[in-house]
Amino acid sequence: MSVTAITGLRRGFTFGQYLICLRGITWREALRFLHQRERFVSALVRPLVWLFIFAAGFRQILGVSIIPPYETYVLYDDYVTPGLMAMIQLFNGMQSSLSMVYDREMGNMRMLLVSPFPRWFLLTGKLLASTAVSISQVYAYLFIAWLWGVEAPAWGYVAVLPALALTGMMLGALGMLLSSVIRQLENFAGVMNFVIFPMFFASSALYPLWLVQQSSPVVYTVCRLNPFTYAVEMIRFALYARIDWISLGVVVTMTILFTAGAIIAYDPARGLIARRGGAAG
Amino acid sequence: MSTTIVADPLPGTARDAAPIVPAIVVHGVSHAYGARKALADVSLIVPAARFTALLGLNGAGKTTLFSLITRLYDTRQGSIDVLGHRVSREPSEALRLLGVVFQARTLDLDISVMDNLLFHAALHGIGSREARRRANAVLQEIDLADRARDQVRKLSGGQMRRVEIARALLHQPRVLVLDEPTVGLDVASKSAIVRQVRALVRERAVSVLWATHLLDEVSPGDAVVVLHHGRVLASGDVGDVVTAAGATDMRSAFIALTGGVPEVPE
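Here the protein sequences come in this chain order: A and B. Take 127 as the starting number for the first sequence in my numbering and just add one per residue. Take 28 as the starting number for the second sequence in my numbering and just add one per residue.
Please note: incorrect hints may appear among the correct ones.
Stated by the list, open to error - Derived CB-CB ranges, DEER-like: (1) Arg103(B) x Val171(A): 45 to 55 Å; (2) Arg180(B) x Gly316(A): 22 to 32 Å; (3) Ala131(B) x Ala386(A): 42 to 52 Å.
These aren't lab readings, by the way, just hints derived from the structure by calculation. Backbone N, C-alpha and C define an ideal beta-carbon position, used for all residues, glycine too.
Build out the structure end to end from the sequences listed, making use of the hints.
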């Protein structure tokens, strides 16, 4: 059937409108975060338990030799801090994925997806908002760690910001991709067991890779293949105002791949969501 | 069992007022979830500035059709146009013209009524000052201005629904689609919502597609589409559908067409 479209409708959106939309998504994410105080507390308690208890125990038995970016021997507390920063972002990425599954089950997600803005923009906006939340958590952790005596060079606290933005995006995009393949909220426990823990433990977050290599070449290979290792190393170097180019390359590549995967998964034409079916009616 | 009545392409006032662009044109749409077919060659027209009831029992395919109209799912077979904009080709233009109320609650329960409205406005690129002005205006209209700062979870089911309708109107859409908006509401809330939506058609010439399985929500002056097992069995003005089905009223026409008994509210 051929009909004349309603005219007088301005096509597309202005740059300002894109910013309004992005601000709205970020604002809502921040509001939700503020309304879930226990989420903020647990996001901090988890790494602090590792720092206060785990690191205290390991300080005496695990020597960390001089490896880049460190120019001297460092305490285990210093070594483990970048890993715990990445851990905050890993959990936040998965938490964000959990909330997307919840939103999808509850129906909230639909309002985001029926916005006239391009879907890639909406999903990227959500990713940026979730990353901003994770960065605020990391800085809160860094402040407490500083009070505990874990100090990085002053400039490092600024230099680490872009690194955190990138690693937050990578882990958030991974969470978003996972949210598209998780059918129900109950299945999320599987993500904890099969994604979060293996990613965290099979990385350089807790032990230097040379130490892992001495113990088990197989685990060392797994660690080298784990993108989380590169997120940790990127943060570690950035905290000393240095760039680890390999880590940067891996993190950027994986961010692009995970984001593209999530956008495809949520695409109404190609994604997985449409194939699964919805409520009867 | 069921008789297929040839659909009148432009029922009622839309036919008389041609060439007004129909609000929604669904043409030859089929959709399946894996092997399960949800819609089979569905064609229908929602005329402009009228109340169109999409009538069907549970499982008829109404929600799937809504998901396709709102582009939650992509239309793989057939086409859907909203005021002349093909949803698959010009999703942004089509979605800007649509206000949507889904069957499931889609409000964020943890944030305030006002924040829900402002979030929706942002998703349509409306700046905060204008968004706040519009939000206050729609809250006045639905008599919930005093609840603007309340957390959504503190509202009753009927109030939540009214907020959802207000939210759907915030970006001033030309077409409003509502998927079983009165499900689970008490009689007073139901009639308030039906009254409010009918006023939009009358006073603002908004086109409405209202999915329901409740016959009491259909009025003699409405356009109606009967959907059953993913197929359109009849469409047109209520009077035309009743006559064509050889029935005396919409209830018996529905039974004659589908073989099913629609729900009658207590």
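Hint-by-hint comparison with the structure:
1. Between Arg103(B) and Val171(A) the C-beta distance comes to about 48 Å, which sits within the given range of 45 to 55 Å.
2. Distance hint for Arg180(B) and Gly316(A): a CB-CB separation of about 29 Å, consistent with the stated range 22 to 32 Å.
3. Restraint check, Ala131(B) to Ala386(A): a C-beta distance of roughly 29 Å breaks the suggested window 42 to 52 Å.
When the structure is compared with the earlier hints, a violation turns up for hint 3 alone.
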